[in-house]
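Visitor: These protein sequence lines are chains A and B, in that order.
Heads up, the final residue of the first sequence is numbered 669 in the numbering used here, and it's a clean run with no missing numbers.
Heads up, the final residue of the second sequence is numbered 669 in the numbering used here, and it's a clean run with no missing numbers.
Keep in mind that the hints were calculated from the coordinates and are not lab data.
Glycine included, C-beta positions come from ideal geometry on N, C-alpha and C.
It is possible that some hints are incorrect.
In silico lysine-lysine, DSS-like type, Cα no more than 27 angstroms apart, as pairs [unchecked claim]:
hint	chain 1	residue 1	chain 2	residue 2
1	A	467	B	279
2	A	434	B	428
3	A	279	B	327
4	B	279	A	279
5	A	327	B	569
6	A	467	A	428
7	B	327	A	569
Only part of the chain A face toward chain B is listed, based on derived beta-carbon distances under 10 angstroms [to be verified]:
hint	residue
8	303
9	321
10	332
11	369
12	402
13	425
14	509
15	511
16	512
17	562
Distance ranges between label pairs, derived from CB positions [what the hints assert, rightly or not]:
hint	chain 1	residue 1	chain 2	residue 2	range
18	A	424	B	267	24 to 34 angstroms
19	B	559	A	454	55 to 65 angstroms
20	A	574	B	559	50 to 60 angstroms
21	A	421	B	632	56 to 66 angstroms
22	B	559	A	589	37 to 47 angstroms
23	A	360	B	351	43 to 53 angstroms
Protein chains: 2
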Amino acid sequence: MTESYWTPETLEEMVSARSKILGPAVWAAATPDPRQLISFAGGLPDIPSLPGEQLLRAARTVIDREQKEALEYGGTYGPAPLRDAIAERSTRIEGVPVTRDNVIIASGSAHAIGMVCETLLDAGDYVMVESPNFPGSMRTIRSFGAHQVAIPMDEHGMRTEVLATELQKLADQGKRAKFIYCIPTHQNPAGCTLSLERRHELLELARKYQTFVLEDDAYGELWFETPPPPSLFALSNADHGIKVSSFSKIIATGLRMGWILGPPALVSRIAALRYDMGSSPFLGRVIAEMIRNGDLDRHIEGLRRTYLRKLERVEDALVRYCADYITYVRPLGGFFLWLQLRPGMSSRDVQMAANERGVIVGQGPQFFADGQATNHLRLAFSYVAMEDIEEGIHRLGEAMAEVAARSAAK
Amino acid sequence: MTESYWTPETLEEMVSARSKILGPAVWAAATPDPRQLISFAGGLPDIPSLPGEQLLRAARTVIDREQKEALEYGGTYGPAPLRDAIAERSTRIEGVPVTRDNVIIASGSAHAIGMVCETLLDAGDYVMVESPNFPGSMRTIRSFGAHQVAIPMDEHGMRTEVLATELQKLADQGKRAKFIYCIPTHQNPAGCTLSLERRHELLELARKYQTFVLEDDAYGELWFETPPPPSLFALSNADHGIKVSSFSKIIATGLRMGWILGPPALVSRIAALRYDMGSSPFLGRVIAEMIRNGDLDRHIEGLRRTYLRKLERVEDALVRYCADYITYVRPLGGFFLWLQLRPGMSSRDVQMAANERGVIVGQGPQFFADGQATNHLRLAFSYVAMEDIEEGIHRLGEAMAEVAARSAAK
Numbered sequence: 260m261t262e263s264y265w266t267p268e269t270l271e272e273m274v275s276a277r278s279k280i281l282g283p284a285v286w287a288a289a290t291p292d293p294r295q296l297i298s299f300a301g302g303l304p305d306i307p308s309l310p311g312e313q314l315l316r317a318a319r320t321v322i323d324r325e326q327k328e329a330l331e332y333g334g335t336y337g338p339a340p341l342r343d344a345i346a347e348r349s350t351r352i353e354g355v356p357v358t359r360d361n362v363i364i365a366s367g368s369a370h371a372i373g374m375v376c377e378t379l380l381d382a383g384d385y386v387m388v389e390s391p392n393f394p395g396s397m398r399t400i401r402s403f404g405a406h407q408v409a410i411p412m413d414e415h416g417m418r419t420e421v422l423a424t425e426l427q428k429l430a431d432q433g434k435r436a437k438f439i440y441c442i443p444t445h446q447n448p449a450g451c452t453l454s455l456e457r458r459h460e461l462l463e464l465a466r467k468y469q470t471f472v473l474e475d476d477a478y479g480e481l482w483f484e485t486p487p488p489p490s491l492f493a494l495s496n497a498d499h500g501i502k503v504s505s506f507s508k509i510i511a512t513g514l515r516m517g518w519i520l521g522p523p524a525l526v527s528r529i530a531a532l533r534y535d536m537g538s539s540p541f542l543g544r545v546i547a548e549m550i551r552n553g554d555l556d557r558h559i560e561g562l563r564r565t566y567l568r569k570l571e572r573v574e575d576a577l578v579r580y581c582a583d584y585i586t587y588v589r590p591l592g593g594f595f596l597w598l599q600l601r602p603g604m605s606s607r608d609v610q611m612a613a614n615e616r617g618v619i620v621g622q623g624p625q626f627f628a629d630g631q632a633t634n635h636l637r638l639a640f641s642y643v644a645m646e647d648i649e650e651g652i653h654r655l656g657e658a659m660a661e662v663a664a665r666s667a668a669k
Numbered sequence: 260m261t262e263s264y265w266t267p268e269t270l271e272e273m274v275s276a277r278s279k280i281l282g283p284a285v286w287a288a289a290t291p292d293p294r295q296l297i298s299f300a301g302g303l304p305d306i307p308s309l310p311g312e313q314l315l316r317a318a319r320t321v322i323d324r325e326q327k328e329a330l331e332y333g334g335t336y337g338p339a340p341l342r343d344a345i346a347e348r349s350t351r352i353e354g355v356p357v358t359r360d361n362v363i364i365a366s367g368s369a370h371a372i373g374m375v376c377e378t379l380l381d382a383g384d385y386v387m388v389e390s391p392n393f394p395g396s397m398r399t400i401r402s403f404g405a406h407q408v409a410i411p412m413d414e415h416g417m418r419t420e421v422l423a424t425e426l427q428k429l430a431d432q433g434k435r436a437k438f439i440y441c442i443p444t445h446q447n448p449a450g451c452t453l454s455l456e457r458r459h460e461l462l463e464l465a466r467k468y469q470t471f472v473l474e475d476d477a478y479g480e481l482w483f484e485t486p487p488p489p490s491l492f493a494l495s496n497a498d499h500g501i502k503v504s505s506f507s508k509i510i511a512t513g514l515r516m517g518w519i520l521g522p523p524a525l526v527s528r529i530a531a532l533r534y535d536m537g538s539s540p541f542l543g544r545v546i547a548e549m550i551r552n553g554d555l556d557r558h559i560e561g562l563r564r565t566y567l568r569k570l571e572r573v574e575d576a577l578v579r580y581c582a583d584y585i586t587y588v589r590p591l592g593g594f595f596l597w598l599q600l601r602p603g604m605s606s607r608d609v610q611m612a613a614n615e616r617g618v619i620v621g622q623g624p625q626f627f628a629d630g631q632a633t634n635h636l637r638l639a640f641s642y643v644a645m646e647d648i649e650e651g652i653h654r655l656g657e658a659m660a661e662v663a664a665r666s667a668a669k
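Next comes chain A alone, as it looks inside the complex (with noise of 0.2 angstroms):
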């Protein structure tokens, strides 16, 4: 066999614009340590919920009912009983009618995401970012070569003021942004929910200056005891509002199953760009069946107590263990919890110290555009096994006094 000619150099003088920027590096990678570690990283559903059984049955029904539609291309907009399942169902929780074609089908949020962005940017445009923020979006929206503004967040999340004057400012130079990106409920990391006060004065700056607002409502209806206020999409009527959603923390990442709802000629506009003959038909069928017989409902309303009871359990192992050393905001619903450290200690630091005693967090600085240094930790409370809860909680204090005691040392 011959020497190989593509290697990482070779390549490196081929590859597109888009793929240079992000470089060789894989994301994401699973990389499994050979510990039984405990984990509160990954924003991961509880495992035993997984609702296996569910999927299977709705296949049965699918495939006995329909397994020509099921298993022919559906369309780029996706198979039509999920749209129209998804409409009814977003018109009832939403409040405002919204109609099959409001809705185009994606493989996840990310997806969903991805396909915003290539149908709005070009390399050199602007987008308004909430900061802290998901990486996974931030990093997409870096590969089309975009600016991202962030806009820093408080407890009643992205701070509006701010963002007024980051969108005149661009204004003043003749531009505009293509989008606000921002997870208005139960925020990741932050965990907070964007106030109806705010969400209107976010709308109203979008119509002002003729945006986007691109809503990830991965978990909005992971609620624990109050619905949180419309959806920017409901509140700005489908118009100025792009909702992008997930069956991924509602039912199991994967599937690789999302949504999108917006005004119809964006939506149309992006069907009318994806070269992928739309997401899969089977599952969106198995899905829209899951919506009809009830089982999705029943399941999200069993998440929702899971994950309450974990983050009651996180909360009361925190009170006894780390106290002293942190602060934050009780998120309404969600998988995150971000906990703000005592000045002085390093969030790189707890993670460390953490990560040698067998349990992983996430910490600030990958959760900003710049990567900047904070004291932050994110604490997903969704995955971690209920017996795991207190001794990972135990073991994070241990971490965090250490790290105390060097610091107070210094």
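Fit chain B to the known structure of chain A by using the hints.
Guide: Chain B in isolation, oriented as in the chain A frame:
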């Protein structure tokens, strides 16, 4: 409700350069015809053969054995069991060692081709394309702003001497093609298979001009009596050859699952750029189980017999009803007959006359990058019901007779 701001007009100035290239028209939107049509149009699998029960059985096994892994993120390369099963199966079929590092899972081969384009193409780049060709791929390549240089074919496939001339022309301008796109085996639409000699010539040219061969192998396994020559990927020793394949034609188009075989350096570069967090691990593991338990190989064997029977029935009917109007090269596999009409007969006229008789066929211009008029028709024999073939070709013959009479009268 206020008037919507976002309309096709306000949106036009907001969308990306790529979106502007394609415009707002949605491609391949299914518009069912209320008439009971006999369709020779779509490259779709035989309906009674769709393996719904095998899929359900594999899904049951996967949920019982590995529910957690199947329902969680599987990484950007795709689930390891499917990559391994494809590597093992490719090694067996292709006769060259293929490892997991050569494999990335895609959401169908259209998605795979799109990912290769994203990784390699910038606006203004050059791609060599076999002509005629699959319209979906030409559309994807066009959306990236690349120039497509059409390379003509004869009964032995792409004319490599023309390819050599065109590659040299580019080289004289200090440019190189990013890749050569072809469907070497049971070509869509032309039905022909690239000879072994030309395969070697094509790869030699790829080496000489330092470019890739992007080989679309959607139909390669569906041979009737004789396996085709080795793939370009295999003949290149996994170096200049990139092969995209699909489970669409050998399982079902409704899964949206396919894969890429390529040099590891390129495969990891594709993984680095994708933003969808990988194709469905659930579907990937279901397919891996169908490979493992032998269902896939058994199913493909059955398909070979089914499609040969369909081809034979179509040919019998063509002899009876269309012999005066057509010539064609008999395909050795795949889904398509590429009929050349008698001089003076327009493929558009025949298509329309057939449509009036409730029969649909694909006509030539859509398969050429420049939409040039030809007197070709593409007849897919894969999808039409066995019992409709005789009647469908009968009506097609009537349509041809009508058009021939009209052209003679002119």
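Visitor: Hints first: check each against the structure and report whether it holds.
Guide: Hints, one by one, checked against the model:
The hinted pair formed by residue 467/A and residue 279/B meets the criterion: a straight-line CA distance of about 25 angstroms does not exceed 27 angstroms. Proposed proximity of residue 434/A and residue 428/B is contradicted: the alpha carbons are some 41 angstroms apart, above 27 angstroms. About 35 angstroms separates the Cα atoms of residue 279/A and residue 327/B, which puts this hinted pair outside 27 angstroms; it is violated. For the hint pairing residue 279/B with residue 279/A, the CA-to-CA distance comes to about 23 angstroms; that is within 27 angstroms, so the pair holds.
A hinted pair counts as satisfied when its Cα atoms are at most 27 angstroms apart, and residue 327/A with residue 569/B qualifies at roughly 19 angstroms. Restraint check: the Cα-Cα separation between residue 467/A and residue 428/A comes to about 13 angstroms, which is no more than 27 angstroms; the hinted pair holds. Restraint check: the Cα-Cα separation between residue 327/B and residue 569/A comes to about 19 angstroms, which is no more than 27 angstroms; the hinted pair holds. Using the Cβ-Cβ criterion of 10 angstroms, the hint placing residue 303/A at the interface with chain B is satisfied: the shortest such distance is roughly 6 angstroms.
Taking 10 angstroms as the C-beta contact cut-off toward chain B, the hint placing residue 321/A at the interface holds, the least distance being around 9 angstroms. The beta carbon of residue 332/A comes within 5 angstroms of a beta carbon in chain B, closer than 10 angstroms, and the hint placing it at the interface holds. Hint status for residue 369/A relative to chain B: holds, with the closest Cβ pair at about 5 angstroms, below 10 angstroms. With its C-beta approaching chain B no nearer than about 7 angstroms, residue 402/A sits inside the 10 angstroms limit, and its interface hint holds.
At a threshold of 10 angstroms, the smallest CB-CB gap from residue 425/A to chain B is about 18 angstroms, leaving the interface hint violated. A cut of 10 angstroms between beta carbons decides the hint on residue 509/A: the least distance to chain B is about 12 angstroms, and the hint is violated. At about 4 angstroms, the closest approach between the beta carbon of residue 511/A and any beta carbon in chain B falls short of 10 angstroms, and the interface hint on this residue holds. Proximity of residue 512/A to chain B holds as hinted, the smallest CB-CB distance being about 5 angstroms (cut-off 10 angstroms).
At about 14 angstroms, the closest approach between the beta carbon of residue 562/A and any beta carbon in chain B exceeds 10 angstroms, and the interface hint on this residue is violated. For residue 424/A and residue 267/B, the hinted distance range of 24 to 34 angstroms is satisfied, since their beta carbons lie about 32 angstroms from each other. Roughly 58 angstroms separates the CB atoms of residue 559/B and residue 454/A, a value that falls within the hinted 55 to 65 angstroms. Remark: the range hint 50 to 60 angstroms for residue 574/A to residue 559/B is upheld by a beta-carbon distance near 55 angstroms.
The hint said 56 to 66 angstroms for the Cβ distance between residue 421/A and residue 632/B, and at roughly 59 angstroms that hint holds. Distance hint for residue 559/B and residue 589/A: a CB-CB separation of about 56 angstroms, inconsistent with the stated range 37 to 47 angstroms. A beta carbon spacing of about 48 angstroms between residue 360/A and residue 351/B agrees with the range 43 to 53 angstroms that was offered as a hint.
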